[in-house]
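Novice: Chain by chain, the residues:
There are 2 protein chains.
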Amino acid sequence: MQTLSKNQQIVFDLINKSTEPMKAYSILHNVQKKGIKAPLQVYRALDKLVEIGKIHKIESRNAFIACHNSSCQVSKATAFSICEICEKVTEISSASLSKYLTNFKDKDGMKYSKYNLEFFGLCKKCR
Amino acid sequence: MQTLSKNQQIVFDLINKSTEPMKAYSILHNVQKKGIKAPLQVYRALDKLVEIGKIHKIESRNAFIACHNSSCQVSKATAFSICEICEKVTEISSASLSKYLTNFKDKDGMKYSKYNLEFFGLCKKCR
DNA sequence: TACATAGTGTTATATTATAACAATTTAAAT
DNA sequence: ATTTAAATTGTTATAATATAACACTATGTA
Numbered sequence: 002m003q004t005l006s007k008n009q010q011i012v013f014d015l016i017n018k019s020t021e022p023m024k025a026y027s028i029l030h031n032v033q034k035k036g037i038k039a040p041l042q043v044y045r046a047l048d049k050l051v052e053i054g055k056i057h058k059i060e061s062r063n064a065f066i067a068c069h070n071s072s073c074q075v076s077k078a079t080a081f082s083i084c085e086i087c088e089k090v091t092e093i094s095s096a097s098l099s100k101y102l103t104n105f106k107d108k109d110g111m112k113y114s115k116y117n118l119e120f121f122g123l124c125k126k127c128r
Numbered sequence: 002m003q004t005l006s007k008n009q010q011i012v013f014d015l016i017n018k019s020t021e022p023m024k025a026y027s028i029l030h031n032v033q034k035k036g037i038k039a040p041l042q043v044y045r046a047l048d049k050l051v052e053i054g055k056i057h058k059i060e061s062r063n064a065f066i067a068c069h070n071s072s073c074q075v076s077k078a079t080a081f082s083i084c085e086i087c088e089k090v091t092e093i094s095s096a097s098l099s100k101y102l103t104n105f106k107d108k109d110g111m112k113y114s115k116y117n118l119e120f121f122g123l124c125k126k127c128r
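As you go down the protein sequences, you meet chains S and B in turn. Its first residue numbered 2, the first sequence is counted upward by one per residue in the working numbering. Its first residue numbered 2, the second sequence is counted upward by one per residue in the working numbering.
Please keep in mind that the hints were generated in silico from the structure rather than gathered at the bench. C-beta: ideal position from N, C-alpha, C; glycine also. Heads up, some of the hints might be wrong.
[As the list claims (entries may be wrong)] Straight-line alpha carbon distances no greater than 16 Å define the calculated EDC-like cross-link-like pairs of lysine to aspartate or glutamate that follow:
(1) B:Lys-126 <-> S:Asp-109
(2) S:Lys-7 <-> S:Glu-60
(3) S:Lys-112 <-> S:Glu-52
(4) S:Lys-115 <-> B:Asp-109
[As the list claims (entries may be wrong)] Listed next, the stretches of chain B that the computed footprint assigns to chain S, with coverage defined by at least 3 CB atoms under 8 Å from CB atoms of chain S:
(5) 5-11
(6) 34-40
(7) 99-111
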């Protein structure tokens, strides 16, 4: 468990307490009172947090959420469900899914070191 | 099989003959000689082409490739492999993979109407 | 101490994408 | 054929997302 730098901690705390994915400039607005003034400071913290698996990027939304999956392989194997109405995003932690995808081989027998999966649909509330 | 409008056809032809994913502004530069002058003209064509499943967006790369998977469910179920060195992207057409993911239910028994999966690794050439 | 590595602060700029409005084309339905 | 609705186009401006480049500071470690 690596210790975070000042900016990394500030950005992580904000994302971690958010109930929804946060976008970079929304993060910026929220941390300006903590002394982080420029986009690059946010992006650098985000890059590092993604790298060490504390947060994940939801690629289809350009937004970031904290990792709540303790067994997550340092952001090498991620899966999310996304509600197309309310935009609620949930990290999926299914052992069988991650096993299936981690072991998946393509036609040429090639295995991959990393994957990201995004499911779309309507959440319970929105159906 | 829907007929494409003029701009849609121009954009599709370009992407379709490209051997690699194309980014929106690269597309724009390439079609300016055909009379498409503004980003929005490109983005509108891209939106439509994605909607009808003729192309897919590689979300992690903000780039677009033609669909070469005849059985692809109109862009409702997409899977790609991405080489992290040469950035070669290939659409995966595996019946067992699409079956597994299409039928995947989360903890609450919820099924999803759509998914996008991106695998990362090194392609044959780059290993 | 010296050195390497990681992190910070700052300005400027690149890249990706959409808003808003007016006009035109297309397809279908009278 | 004429009307009508839907889709597409053209255009300018601007929003949103992300990185380059440079100087400096902090941290860990040999």
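Novice: When the structure is checked against the list of hints, which entries are broken? Sort them ascending.
Specialist: Hint check: 2, 3, 4, 5 and 6 fail, others pass.
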